[in-house]
Amino acid sequence: MVVPMRASTEPAPRAVAGAPVVDIKGLSLTYEAADGPVYALSNVDLQIAEGEFVSFIGPSGCGKTTLLRVVADLEQPSGGHIRVNGVSPNEARLRRDYGFIFQAPALYPWRTIRRNVELPLEIFGISKAERRERSARQLELVNLKGFENKFPWQLSGGMQQRASIARALSFDPKLLLMDEPFGALDEIVRDHLNEQLLRLWDKTGKTVLFVTHSIPEAVFLSTKIVVMSPRPGRIIDIIDASSLGRMRDLDIRETPEFLQIAHRVREGLRAGHSYDD
Amino acid sequence: MVVPMRASTEPAPRAVAGAPVVDIKGLSLTYEAADGPVYALSNVDLQIAEGEFVSFIGPSGCGKTTLLRVVADLEQPSGGHIRVNGVSPNEARLRRDYGFIFQAPALYPWRTIRRNVELPLEIFGISKAERRERSARQLELVNLKGFENKFPWQLSGGMQQRASIARALSFDPKLLLMDEPFGALDEIVRDHLNEQLLRLWDKTGKTVLFVTHSIPEAVFLSTKIVVMSPRPGRIIDIIDASSLGRMRDLDIRETPEFLQIAHRVREGLRAGHSYDD
Amino acid sequence: MTAARRASVLTPLVLAGCLYVLMLVHRPGVAGAPGPLFWGLVVALWLASIVALSGLSNLRLKSRPADRLASLAVPILFGAFLFFLWEVIVVGAGVPSVLMPAPSAIARRFAASMPVLRDDFIQTFVKSVLTGYAMGCGAGFVVAILADRVPFLRRGLLPLGNFVSALPVIGIAPIMVMWFGFDWPSKAAVVVVMTFFPMLVNTVAGLTAAGRIERDLMQSYAAGYWTTLLKLRLPVALPFIFNALKINSTLALIGAIVAEFFGTPTVGMGFRISIEVARMSLDMVWAEIALAAIAGSAFYGAVALIERGATFWHPSYRT
Amino acid sequence: QAEKVNLQLKWVTQAQFAGYYVAKEKGFYKEAGLDVNIKPGGPDIAPPQVIAGGGADVIVDWMPSALAAREKGVPLVNIAQPFKQSGMMLTCRAETGIKTPGDLKGRTLGVWFSGNEYPFLAWMAKLGLKTDGSAGGVKVLKQGFNVDPLIQKQADCISTMTYNEYWQVIDAGFKPEQLVVFKYEEQGVATLEDGLYVMQDKLKDPAFVSRMAKFVAASQKGWDYVRKSPDEAAKIVLENDASGAQTEKHQKRMAGEIAKLLDTSGSGKLDPADYDRTVATLLASGGDAPVITKKPEGAWSHAVVDAKK
Amino acid sequence: MTTEAAAIPGLKARRASFRPWEGNTLPVLVIVLAIVGLWYAAALAMNWRGTADAFERAGEARSAPEIALATMGQERPMLPAPHQIVFELKKTVIDTPTTSRRSLVYHAWVTLSSTLVGFGLGTALGIVLAVLVVHVKTLERSLMPWVISSQTIPILAIAPIIIVVLGSIGVTGLLPKSIISAYLCFFPITIGMVKGLNSPDPMQRDLMRTYSASQAQTLWRLRLPASLPYLFAGLKVAVAISLVGAIVGELPTGAQAGLGARLLAGSYYGQTIQIWAALFGAAILASLLVATVGLVERLVNRSMGARTA
Ligand SMILES: Nc1ncnc2c1ncn2[C@@H]1O[C@H](COP(=O)(O)OP(=O)(O)OP(=O)(O)O)[C@@H](O)[C@H]1O
Ligand SMILES: Nc1ncnc2c1ncn2[C@@H]1O[C@H](COP(=O)(O)OP(=O)(O)OP(=O)(O)O)[C@@H](O)[C@H]1O
Ligand SMILES: Cc1ncc(C[n+]2csc(CCO)c2C)c(N)n1
Ligand SMILES: [Mg+2]
Ligand SMILES: [Mg+2]
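Protein chains in written order, with my numbering: chain A, 1 to 277; chain B, 1001 to 1277; chain C, 2001 to 2319; chain D, 3001 to 3309; chain E, 4001 to 4309.
The hints are simulated quantities; they were obtained by calculation from the structure and are not laboratory data.
By construction, the Cβ of each residue, glycine as well, lies at the ideal position given by its N, Cα and C atoms.
Do not rely on the hints blindly, as some may be mistaken.
[What the hints assert, rightly or not] What follows is a set of in silico ranges between Cβ atoms, one per label pair, in the way DEER data are often shown:
| # | chain 1 | residue 1 | chain 2 | residue 2 | range |
| --- | --- | --- | --- | --- | --- |
| 1 | D | G3033 | C | I2089 | 32 to 40 angstroms |
| 2 | D | G3054 | C | P2028 | 24 to 32 angstroms |
| 3 | D | G3027 | E | T4098 | 45 to 53 angstroms |
| 4 | B | N1149 | A | N43 | 38 to 46 angstroms |
[Stated by the list, open to error] Taking lysine-lysine pairs in the DSSO-like style, the calculated list, with each CA pair at most 30 angstroms apart, reads:
| # | chain 1 | residue 1 | chain 2 | residue 2 |
| --- | --- | --- | --- | --- |
| 5 | A | K174 | C | K2231 |
| 6 | D | K3039 | D | K3175 |
| 7 | D | K3249 | E | K4137 |
| 8 | D | K3204 | D | K3030 |
| 9 | D | K3294 | D | K3084 |
| 10 | D | K3228 | D | K3175 |
| 11 | C | K2127 | D | K3130 |
| 12 | E | K4090 | D | K3252 |
| 13 | D | K3235 | E | K4091 |
| 14 | E | K4091 | D | K3039 |
| 15 | D | K3294 | D | K3228 |
| 16 | D | K3235 | D | K3126 |
| 17 | D | K3026 | D | K3221 |
| 18 | A | K25 | A | K150 |
| 19 | D | K3004 | D | K3084 |
| 20 | D | K3072 | D | K3295 |
| 21 | D | K3249 | E | K4091 |
| 22 | D | K3175 | D | K3249 |
| 23 | C | K2127 | D | K3153 |
| 24 | D | K3072 | D | K3026 |
| 25 | D | K3130 | D | K3183 |
| 26 | D | K3202 | D | K3183 |
| 27 | B | K1145 | B | K1224 |
| 28 | D | K3252 | E | K4091 |
| 29 | A | K145 | A | K174 |
| 30 | A | K145 | C | K2231 |
| 31 | C | K2127 | D | K3105 |
| 32 | D | K3295 | D | K3130 |
| 33 | C | K2127 | D | K3139 |
| 34 | D | K3235 | E | K4090 |
| 35 | C | K2127 | A | K150 |
| 36 | A | K128 | C | K2231 |
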């Protein structure tokens, strides 16, 4: 039997308000390796409505990246259903529904930082003047002003990561897939960018899928937190955090409600680990 | 001023007990780029005694990686003095005084995980049986048992990072230079590895230079915390945390002393940032 | 510092020694039958020059232009020394000029034959080599792209590409003369066949060199084939493509010259070489070879220069 | 113990060199106490270079090339001249309207270079036709190895040998009456072909001279045999052809034609008159790069041929 | 929703199903057929004039269809028809015992043996040179420019000298040809390897520095594995060039046997079809050699964990 993922025949409607932006049912993905299969995702069910901010958290190797890649049509599932904005991931990708921030910066070494940030804009055929303007704005946002004409290898690890964030934000996608975007950043920048991201999300009504390893970050940002567990990669808990409201400030992190949600996440995370000393 | 780094004529003694393992005075390093110089390090003074655990924290681009690279003789300073174990960094490198964990995993894609971990052992001429034994032990430590025969691209980001940690630990260097080793790991694994590292450090009396972005991690692990600031890269605060004792458990993070030190680090970090909203 | 001192002392000494030996070897009594002392001197100079050269190449000068100059000096001095040895051995041991003429004789011949050399150069290099090189490299590149773009063609074209890879010059040159006539177009056609395959193979290898997330990034932009090619895969393939351009720059020249052995009008570097060999004018043959070496090296150098500019980001330029 | 002799031929194994192969196969060399190693030549082999480098004791070469080498410092000496006549000619398609040498003006002519162009140049000089491509002269092409330029109409005339290329043109479908040939012999510009040459200083060594004397004598015996039974000689050549490309029909014809060029006196002794005529032709060829600039001295010797008595 | 998806056991299963258009056979077949078709058309066009001329010379008037048919059977065509080449190949490959000098297999073997030796020598030289150039600064600056200019020397011009010089020091037979082949083919390997050995990214190199690894260790464990894509691209080019080199090398050794000798003889005697057959022989040999290198590449890649996608 064949998954007719790419062969969908019905028309491709824009997501209707209320209809899930991401709709996953019974999804599984197995990597066939020489020494046996790896069950990266197993029977995953998940609905994400428009405008939600969903964090994914879980031990390393539990399939977070894989799940995002399936949504982005960069990986073909072995089984199950998946719809993105009401269409197949392939169609969604082809109509450029999302922006993806990879776990590694993936900057092109032959392009300056500015031209790296402008890459998607170039591809989308945006005029040079507007590209300039947008890249300047995004680089300012991630605090890389003054580094526009450097090449990637002349930047520190964290700066490269920020450049890749600027690149994904530059074309303002409705759906953002972010794979540990703030991993290499210190607390202060991270807090700053968290706030900026939250503001952006609130203002623009984007839907965000956000992989992180930081429990406070997950709780601070999300309306929903998905806790995953490895071998096989699966969802073990989905925690609703919308009660914290949409726009939050950093002080919220001391509230009991926040701490309680964080505790639940931590418990879930711990349960997903094999060693609990 | 010229640093007669490579032309040192005096004999190369092993570090005497009490003598600093790393001794830096007036160190500066400037990258000459096409569009002008980048002052990555400026007038850095630092002494690290044997057996210390020193964390470096600071905004991204402040020169943490650069400083570690100078200690490791991977970068030549533009001025100032530096001694490692009483000799020049070059001599220290040649006699294999340290192990370096890079910010990116830097695994060789044509080697399996096991053979990546065994790489330094191969180079040091250690017998095959012992290599096998040691790599197995280290892979167990970082919880990668069962992935020995995978190639790097078959692992998730965090798993790759753990493999690179196992690689550096495998040959048991007296001096460990760690550049954000736990950046891509979740809280649980991170806590676990923090404890393991602390235990290892306490047991073996290693000296550790540790770059991190996490304030709690820095305070939890260190006897000394170095706070840095960018443009030009410099040290703005050195905080003694030896009062917390050598072996700590995770509960220490709730003590007032811990929180006080963390607060001071946060203040320093904030001061080093250009935007304080 | 010691290397610098050694180099700065030894280099003038070696130079002086070489000049002295050169004067000596051309003396009537010495030429053809020098004594063991003479050869001893030559060997001593040789050893000294090795020390001097390795000193020079490890030299680091403070000012950039001076450092450039020093780095240029090494190959030049090395080459000059090779020529010195050649001259001394040929003249000293009295090697017949039909086997190997002395560099001095070649140089004299070169200077005296400028008009002929110019005409030959225009015929062979400007007309045959440049045209054939551009067309051959272009064809190899286009076929590689075609094979990459159309999977069906890939599996058919690449084996066929291998098939034409080793059509030997001596086989195709007469056929090309038959098809395209005696003048330069037939030589250019030979060059096209010779340069096609290296470009094909290297471009195909280069097009597979892009990393996974770099490609995924393009996928996530739903970038089409050509966009991905232009903005990602070709830049990554450039180091490979330049390898082919470099290999071809010398291959094209050899091809054009050899092809002229198989029928030409009475001009061209290969024509001249083949007739002068039979006339035993080996000095003229070597003057043409020198011209080929100069032209080929300059061509190669130009390609390498462009490569450095176009692939500045490659790790091999970031040491 | 047989004495070793290395013979370098001017061209690939074919009936042109039948005498040597026959002498070897029929044991004439062995009878003379020689062990002869025959090295085939080819377009890329200059026999004077081979002998100067010590790769041969004796070579087969055409006299223009040998004299050029002599002037350039390889002191070659002709020790025997089995070929009396030149087999070179210019072959034209009759349809071009060329009937006499005078009609060659403005035509495209295929010429063998590599030292074989001098008789042609001398001839053109005699006819007053320029060869440098200027108006009122002839257009010269450096011809490859085969007769395609004539058949493909890329040239009006090409160089041929009576014993080889001419017959290839015939084989390609031309009838003799559709061709016009100018033999160099008849135009008075013939030069000596296929002589035996050795290094001058070696002739001082009596042992070498006697070895060469035996070699020349045995070779002459081979040539006599070729004259008498050309067909069998052709077969022997075929057996020695390592490339397996020669055909029996062609080689038999070649052996027959070669026989017509041989010196019938049987001694292989160079006729000084032929030599003088060759030198005169070469000196007349002129141009900016003359093959020889002055009369050579001591370029031939009868010492070897005389020694065999 | 239509994304009808049932658990299927992996994607591999799909790939295993029979799809002839995914294998190599069908595309190669289609393209070969297309080329054969074009070839016949070209043969018709290119041979037309020569065929018509030949009939005219023979004084026979023929209709266009007759001429068209005859273009497919010319003895000296501009472009032989594919079946002519196939018949010639059949004659010289299948119908002739492989030990015969008229067998193409025999000649291919002669060439192949010097190709393989030359390729081996060239590969060794190319790699050693690249390793030296990458490690020894003196050599990079002083040797490389001269290596490059050495490659601009037309080999056919100096090959005879090489052969003579090698001959005078007693090196004869297979080796001189192999040396010429090696001289031509080491260069692509050197160029590729120099780039490849320098291609590991700075962090991978730094890792070795931190281990204070010796140059040899860095070479074996980092530079060489990283250079393999470049090496294999170089090897594919080099193996093809080494075949050309071996063929070229057969000329100054008297073109006694081998594909080069066949080509030369074919060209010299105007046997166009024999040339084409030899060309095809060379091309088939080259394809096999390149394919072998490709196979080794795939095996090596697999053992080094390359993604199988
Ligand atoms: N290309 C591949 N081939 C085989 N196995 C793979 C491949 N990619 C990932 N895996 C395996 O799939 C599992 C899930 O990987 P994934 O990258 O999704 O983890 P993750 O949750 O993102 O982890 P991390 O937090 O460390 O990035 C891992 O066990 C990994 O080894
Ligand atoms: N090769 C280089 N050429 C030019 N500038 C460089 C180079 N490497 C680093 N820099 C610059 O030096 C400064 C310090 O970089 P470094 O990598 O040490 O920062 P860092 O503190 O490690 O930052 P992060 O936390 O983001 O890794 C940065 O401004 C960076 O742009
Ligand atoms: C390149 C080249 N072409 C022709 C000849 C002339 N030649 C000398 S011997 C011989 C054999 C006669 O059939 C021929 C044609 C040559 N020497 N070199
Ligand atoms: Mg991941
Ligand atoms: Mg860093």
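Open item on the list: Hinted pair, alpha-carbon criterion (30 angstroms max): D:K3130, D:K3183. Please report holds or violated.
Closed with: Distance ~20 angstroms between D:K3130 and D:K3183 Cα, so the pair holds.
- [ ] Could you grab the alpha-carbon distance between D:K3175 and D:K3249 and see if it respects the 30 angstroms cut-off?
- [x] holds (18 angstroms)
TODO: For the pair we were handed, C:K2127 and D:K3139, check the Cα-Cα distance against 30 angstroms.
DONE: With Cα atoms ~20 angstroms apart, C:K2127 and D:K3139 stay inside 30 angstroms; holds.
TODO: Would you check the hint for A:K145 and C:K2231, treating anything up to 30 angstroms between C-alpha atoms as holding?
DONE: holds (24 angstroms)
TODO: Given the hint that D:K3039 pairs with D:K3175, test it: the Cα-Cα distance must not exceed 30 angstroms.
DONE: With a Cα-Cα distance of about 36 angstroms, the restraint between D:K3039 and D:K3175 is violated, given a limit of 30 angstroms.
Task: Distance restraint hint 24 to 32 angstroms, applied to the beta-carbon atoms of D:G3054 and C:P2028 - done: holds (26 angstroms)
Open item on the list: Need the status of pair D:K3202, D:K3183: alpha-carbon distance at most 30 angstroms?
Closed with: violated (36 angstroms)
Open item on the list: Hint check: C:K2127 vs A:K150, CA-CA at most 30 angstroms. Holds or violated?
Closed with: violated (43 angstroms)
TODO: Decide if the proposed pair is consistent with the structure: A:K174 and C:K2231, CA atoms, cutoff 30 angstroms inclusive.
DONE: Between A:K174 and C:K2231 the Cα gap is close to 24 angstroms, so the pair holds against 30 angstroms.
- [ ] Sort out whether D:K3105 lies within 30 angstroms of C:K2127, counting only the CA atoms.
- [x] Distance of about 28 angstroms is within 30 angstroms: holds.
Open item on the list: Given the hinted pair D:K3072 and D:K3295, is their Cα-Cα distance within 30 angstroms?
Closed with: Cα-Cα ~13 angstroms, so holds.
Open item on the list: D:K3026 and D:K3221 were given as a pair; does the straight-line alpha-carbon distance stay at or below 30 angstroms?
Closed with: Status holds; Cα separation ~10 angstroms.
Figure legend: structure checked against the earlier numbered hints; hints not met, in rising order: 3, 4, 6, 7, 15, 16, 18, 24, 26, 27 and 35.
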